[in-house]
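Student: Chains as they are written, first to last, in numbering that gives the first Met the number 0: chain E, 0 to 277; chain Z, 0 to 336; chain H, 0 to 275; chain V, 0 to 148; chain S, 0 to 655.
Source of the hints: derived by calculation from the structure; they are not laboratory data. Fair warning: this is a prediction, and the values are worked out from it, not measured in the lab. It is possible that part of the hints are untrue.
[What the hints assert, rightly or not] BS3-like mimics (lysine-lysine), calculated; alpha carbons at most 25 angstroms apart, straight line:
#	chain 1	residue 1	chain 2	residue 2
1	Z	Lys-72	E	Lys-23
2	E	Lys-66	E	Lys-259
3	H	Lys-159	H	Lys-131
4	E	Lys-12	Z	Lys-119
5	S	Lys-613	H	Lys-20
6	S	Lys-107	V	Lys-30
7	H	Lys-72	S	Lys-613
8	S	Lys-646	Z	Lys-73
9	S	Lys-130	E	Lys-12
10	S	Lys-506	H	Lys-259
11	S	Lys-461	S	Lys-396
12	E	Lys-12	Z	Lys-207
13	S	Lys-130	V	Lys-57
14	V	Lys-57	Z	Lys-73
15	S	Lys-2	Z	Lys-73
16	S	Lys-52	Z	Lys-73
17	H	Lys-159	V	Lys-30
18	Z	Lys-68	V	Lys-57
19	S	Lys-2	E	Lys-12
20	V	Lys-7	V	Lys-57
21	V	Lys-7	H	Lys-159
[Stated by the list, open to error] Here are the simulated distance ranges between beta carbons:
#	chain 1	residue 1	chain 2	residue 2	range
22	H	Ala-43	E	Ser-76	48 to 58 angstroms
23	S	Thr-320	Z	His-221	36 to 46 angstroms
24	E	Glu-25	S	Asn-59	18 to 28 angstroms
25	S	Asp-220	Z	Ser-30	54 to 64 angstroms
Using N, Cα and C, we set each Cβ at its ideal position, and we do this for glycine too.
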Amino acid sequence: MIYNPFPMRVVSKREEAPGVRTLKLEFVRQEDHEFFKANYRTGMFGLYGIFGEGESTFCVASPETRKDYIECTFRQSGRVTTTLADADAGDIVTFRGPYGNRFPIEGFEGKNLLFIAGGIALPPTRSVIWSCLDQREKYGNVTIVYGARTVADLVYKHELEEWKHRDDVNLVLTVDPGGETPDWQDHVGFVPSILEKVAPSADNTIAVLCGPPIMIKFTLNALGKLGFNESNVYTTLENRMKCGVGKCGRCNVGSVYICKEGPVFTAAEVSAMPQCDL
Amino acid sequence: MTRILPKNRLDDCIAAWRSAGFSVLAPVRRSDLSRFEEVERSEDMALDLVLTERTIKDHFFPQTEPLIKYSIKKHDIDTQEMVPPERKRVFFGVRPCDASGLAIDDPLFGWDYRDEYWFKRRDNAVIVTIACTTSDDFCMCSSVNLSPDSTKGSDVMLRPLQNGSGWQVEALSDRGNALLGPISSILKEGSDATASTASVPVRFDVDKVMAWLADPASFESHFWKEISVRCIGCGSCTFLCPTCHCFDIQDEGDTYTGIRRKNWDSCSFPMFTMHTSGHNPRNTQSTRWRQRIMHKFNYYRGKFGVNSCSGCGRCTRQCPVDMGITETLQAITNLTK
Amino acid sequence: MGIQEQYRSEAAGLLSSGAVKLVIGFGEGSTVERRRPVFVRTPAETERLVLDGGCVANLSTYLLTEGLLSDGKSVAVFLKPDGIRSINILAAEAQLNPEQVVIFGFDIEEGQVRALEGRKASDFAPVIGVAKAAGLSAELQKEAELLDQISAAERFEYWKDQFSKCIKCYACRQVCPMCYCRRCIVDVNQPQWVNTSSHTLGNFEWNIVRAFHLAGRCVACGGCDRSCPVNIPLRLINHRMAKEVLDAFDYYAGECAEQKPVLATFRQDDPETFIL
Amino acid sequence: MSEPFEPKIVAFVCTYCTYAGADLAGTSRMKYASNVRIVRLPCTGRISPMFILKALQKGADAVLVSGCHPGDCHFAQGNYHARRRWTVFRALLSFTGIPEQRIRFSWISAAEGAKFTELINNLTEDIRKLGPFEQYHELQTVIETQATY
Amino acid sequence: MAKIGVFVCHCGENIASMVDTANLVAAISEHPGVEICLEYKYFCSDPGQETVKRAVREHNLTGVVVAACSPRMHEQTFRKACAEAGLNPYMLELANIREQCSWVHTDKEEATEKAIEITRSLVEKVKRNNKLYPISVPVTRRAMVIGGGIAGIQAALDIASAGREVVLVEREPSIGGHMSQISETFPTLDCSQCILTPRMVEAVQHPNITVMTYSEVEEVDGYIGNFTVKVRRKARYVRMETCTGCGDCIQKCPVKKIPSEFECGLGNRSAIYTPFAQAVPNVPVIDRSRCTYFKNGKCAICKKTCQIDSIDFDQQDTIETIEVGAIVVATGFQVQNTSLYGEYGYGRYKDVITGLHFERLASASGPTAGKILRPSDGKQPETVVFIQCAGSRDVSKGVRYCSKICCMYTAKHAMLYAHKVHDGDTKIFYMDIRAAGKGYDEFTRRAIEEDHAGYVRGRVSKLYEENGKLIVRGVDMLLGRPVEVAADMVVLATAMVPQPDAKEFAKIIGIGYDEYGFFNEAHLKLRPVETATAGIYLAGACQSPKDIPDSVSQASAAAAKILGLFSREHLEREPVVATVSDSTCAGCWGCATACPYNAIDQRDITDRNGNVIKRVASVNPGLCQGCGTCVSFCRSNSIDLAGFTEKQIFAEVMAL
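Bound conformation, chain E alone (with noise of 0.2 angstroms):
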């Protein structure tokens, strides 16, 4: 029934981050591999457990164009992802979703697309944006702007430095003044400012963005003077989940449940929902 999760196994784990971890889940049985590639777009989350701890909400990290297995990123905290990022290969956790909406990344074809994040939530970006990279030619340019309190504290280091390397993809990596090391080649200071000096022309750009709340404030504020149209924008919203089916009550915005209409919103939606309930 829909409270059952499927069981997983990790394949490996990577340190990404001073207490963030990504784990790279396979599925043990095929009918539950089976409905995750009919049901999983980008965008989407699921809950990550360990029997006897619980369930922890994140979003699958891995592009909806790689789907033999999850990958799932997250900062160690709680009592579930305490023992997550203990888990090792070969362990069993289990997985409940895909759940929630999505990128509509059929709509961002033929345009530029622009992705911002900050900090730990470069996970959801990065479904879209190597759903988009692994059909590049679908899409006009792509340019990233990711941003961290410190260099350590960036996440996919690997990843990042394949971005730089490649011609079709701009990376504009920044970190926190203060937060960048000696050998830093690359920007210091806030993602809204580094934004506004590198941003692409609006016209014909979609907008992805996902960060902590401060970030996605000051960000939307930077891409209305660059002239981006909200709902041109989008963003992931998340919020404490125990069901994410739209039963449990607890992660609603105004009326709106992150769970079933979201996590995935345009700016226009979000600055709809009353912000102080975010």
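Position chains Z, H, V and S against the provided structure of chain E, taking the given hints into account.
Tutor: Structure of chains Z, H, V and S alone, referenced to chain E:
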């Protein structure tokens, strides 16, 4: 001429249903608490109560429900899904507000993902409602477009006879009709007058309330702080509410074996929305009270076309600090005068 | 002038002089019998204050509302002797500064309200002394003794039946002035000492742990007992704890603001007849 | 004939006195019933009442709590604090119907291997007579089955 | 997840004969998280330890359980082995399947089952162990000794002679303490001053000792190795630096009739004075309350007299802040106020005196120059009655303990009296004669046999004056008949009691005290010199009544403890200490009240602008001893004990 269930045949009625495979649940007062429990004899029933303290929701959405039993092995995990029993049950003597509560929650539990824990019980339950002839200071069904003899959510409606000898019986659904089969010989025809239903005053103007709540400006109103100042943040109003349905999922057990459970949770609790980061979107009692009212009289209606309140008044009746929906909605009504 | 009027005018005086920023008292409730907590911020509003035999709640809980006393300003509150003892405990446990609490003291005897002399918690030491001398409630003791007389197995069944009703709404905790923890033990999940689910085992654990945490701190205001929506006789278990600390350690909770917690202190000659 | 009932007993002991006393029983090759499982803590002061409840949940038929004699605590005062807690907790458990015979407290010094041996044997025998603590354990079994409704 | 290695030791036949180790290994191997499970004859042997180390390295183990003997036996052995293999030594647990299993059971099946359960529960515990690192605390290698009596002087000299700095603080104008008041000492009858004075001089002249007389400790902060002490130096009104101690000012001071404290009121002193002739430092102080100049601004004769202008009426008290690494408390005792004893007429009859009075009478430097003359009329008493246990061992007077020295000094007094008044008569009323100590019993025997001390076993019931005599009535319990003595003088062997301000002082420095006010040692038997507060030690009668040899021994012991502490610049402590969760602590301070070591302080949590957001408990790892009493007190589980965390114990219990 209508069908009558004579009070003095109630025991026969119970026996007939039981032999037809039904469990019969009715209001019972035991250990200083009134609630629905299985009964075998009519004398165990407490049908004269205005309302049981606990709702019948308990029997469809239990306060704690095992979902999955797990057992961790060295290389594997055994899981066993715990399925609720498909037990045929008659709920006898339900009040219209409680019956409505079930109907109000049905769409939520069926919203895209069907929650079988609810529906396996719903589908096997027959709700026999008794119209109210008495009410108290807290009843407010009439304020939420229901009434002391509302049929919403009921399969069979019983209307007390004026002479107190029994009830006029009306089947409202196929399930209700089917339930009357085993007791057809007990029912008799009659034309006794029914007692007048309780008169429950309208305590607030729900339309005005809905309009005010729908106004985005109301969300940030200072009103919420004032009205909720004495709320202590317990969950008794939500847990005694026939329509509140929020829950938590928890794993519980020892080192290797345990049960994943679905437990009632309450929007009154700060932990309800607390992120692991420590950020809490609803970090004050006033925002939580606002959520409760908004959810019941604005959001829920937006999703499912109905307000999530059946007017039982338990929230106020049981509140340790004498708060409740009525007071708030009266105040909103007054705001918009 | 009755006490109600006297206190109303004194409250108005305190508010208008700025001596207090808020008066927490009782007002009319949703029915004739009910009294509810009211929060009065202006002299005019003091008309809402009611003081009669129905004013039984221990309002000291509200003093712990986050941020209420952090500006150093004073708040006036209507309290019975039990509530005043709560203030003493909260002061002893560093949760509030008793200097910021102005007390409208009263007591109820046979439904009649009687004013108590004093304004600061420390002024009421004689009243509390009298209360201690009078001993714990004989009524509760009688009720508790009925349970003491039956066998352990029967007692277990009794409490199992009672606790099985618990729905973990935490009204008992929320209404209690002593339950001020930032994180209740039941919300501790690493490890999960108390089963949070409201099955009988979890309910047993919760209610036992809460009673233990209230041992030597409960002032028998009855708030939890009255608040319990499923009518669990929490008064009895709390009374039993109060009796234990009084009998074993001569400890009466809330005697003064300097009182040390009973379970954080000891005497070398504490009784230990049960230890082998 | 059914198997004789073998109780499960959990002991929470301090490392300096009772644990050492139990060690002494071993080095002296004294013999006692194998029903006891010892959890070692630095001091009786560390023993929280929750331990007892969890032991009962895990099927203990009796719990023993033991530490240094008053005045002998390695940490000077831990056992005095513990004694107060026990007094209160024991009264609480008793009032809620958890029999006093099942929750025992003792002082056993590092020299009292014999006392430890005797206590474990007596306790085991007492609980054998008393039978399993089904009333409590039933609470655990009930939650493993369906919701009652 | 965790990778635990479990090593099942046979201990020769010790374990293997009663525990089916193959079964144990089989069961534990199937346990979740167990990466490897091996058995071996002796894991504590070198090859055994090598096996453990190799497994740790090869399997990247995150934790180790050795199922073998008691952790009290080999925990350190295997911790070391783990550390050598690169695993944090605290990621080890010992499952005790020998002392608490194989050796005590007789049924192999049962023992095996128990061994499995023990091991399993420790596997679950070790999964939740945290890496711990020894706590290093810097040590200020300077000691403070509080109290300049014989105990304090001895401790100071011992520490100083070993090369460490010492600050010796004494609140009186001179060091010396009670010992300087004593005439002769038992059991040798050598002159107290003669043996004490050289030590006083040595102390004050020692290059490593700073003597601060007329000074009091006002505040102590910090913890072992790192105390900050505030000392109030009271104004002397005499410049220490220049005064030569000539004594002219004392001679010239017109206010002379002040009862001398040192002489117990039997002699007088002036307003500017040194307590006694041999005072160290030999610098007088002005008693402000008695000085005419301070009363009305006139006089100042001392100032005029002083040839080097050392009198300074403008001096003020000063507060000095001193950093020290350890503290010896040697604050001594006082004589019980005998006015409690109405029945003995103390205070009513001038010739009823205390033992200390008698010391002054017998002292060659005393007011009577060593002649035994009674206070009332200066006549030599012909009959002296001594009453022992005048206060001690008397519940009704609040002193249940034995003051320990009275039997001895009373015998000494009787002897001194007999030596000075050859035809005098003594009667000693006693309960028991407690003369345990080297040469002590011989001493009392000498008093009886050589000096004819008249011991009467019994208590005095009544004492009154009649015709210029003190009539002492009692019962001779040995003969079973009443006794009545007409005495010229009565000497009460009064109890030794704590200093009047002992309890307040204990609170200032943060140590415990008993119901009387004697300071508490950490452990009566095993740690009699330490207090429960690490870094603070006790010496002398402030802990309990003691004679001089005992005080000196304890002082030297305290010094040895401190020198041990000072042997390194950093103090390494076991990391088994408590920590507080700031986010959940409600600041009720119950833990701080319960802590036997005063290891818990209040700490302010501030926001970026420095505003206090909340105040939480904070454990000082330098002081915490790891008992965990705070943990079980905390209602919100906001404090935890490393090595025995809530998570660990929960897992251990839940795996049983």
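Student: Does Lys-57(V) lie within 25 angstroms of Lys-68(Z) when you go C-alpha to C-alpha?
Tutor: Given that 25 angstroms is the threshold and the Cα spacing comes to 17 angstroms, the pair holds.
Student: For the pair supplied as a hint, Lys-66(E) and Lys-259(E), is the alpha-carbon distance within the 25 angstroms limit?
Tutor: holds (22 angstroms)
Student: If you draw a straight line from the CA of Lys-506(S) to the CA of Lys-259(H), is it 25 angstroms or shorter?
Tutor: Answer holds: Lys-506(S) to Lys-259(H) is near 15 angstroms, not above 25 angstroms.
Student: Decide if the proposed pair is consistent with the structure: Lys-461(S) and Lys-396(S), CA atoms, cutoff 25 angstroms inclusive.
Tutor: Distance ~17 angstroms between Lys-461(S) and Lys-396(S) Cα, so the pair holds.
Student: If you draw a straight line from the CA of Lys-2(S) to the CA of Lys-73(Z), is it 25 angstroms or shorter?
Tutor: The hint holds at about 12 angstroms.
Student: Please work out if Lys-159(H) and Lys-131(H) have their alpha carbons no farther apart than 25 angstroms.
Tutor: It is violated: about 32 angstroms lies between the C-alpha atoms, which goes past 25 angstroms.
Student: Would the hint linking Lys-130(S) and Lys-12(E) be met if the CA-CA limit is 25 angstroms?
Tutor: holds (22 angstroms)
Student: How does the Cβ-Cβ distance of Thr-320(S) and His-221(Z) compare with 36 to 46 angstroms: does it lie in that range?
Tutor: The hinted range 36 to 46 angstroms is violated for Thr-320(S) and His-221(Z), with Cβ atoms some 53 angstroms apart.
Student: Below or equal to 25 angstroms on CA atoms is what counts here, so check Lys-72(Z) against Lys-23(E).
Tutor: Since the Cα atoms of Lys-72(Z) and Lys-23(E) sit roughly 21 angstroms apart, the hinted pair holds (cutoff 25 angstroms).
Student: Against the 25 angstroms threshold, does the CA-CA distance of Lys-613(S) and Lys-20(H) hold or violate the hint?
Tutor: holds (22 angstroms)
Student: Hinted pair, alpha-carbon criterion (25 angstroms max): Lys-7(V), Lys-159(H). Please report holds or violated.
Tutor: The given pair, whose Cα atoms are some 23 angstroms apart, holds under the 25 angstroms limit.
Student: For the pair supplied as a hint, Lys-57(V) and Lys-73(Z), is the alpha-carbon distance within the 25 angstroms limit?
Tutor: holds (21 angstroms)
In this structure, the hints that do not hold are numbers 3, 4, 12, 13, 17 and 23, in rising order.
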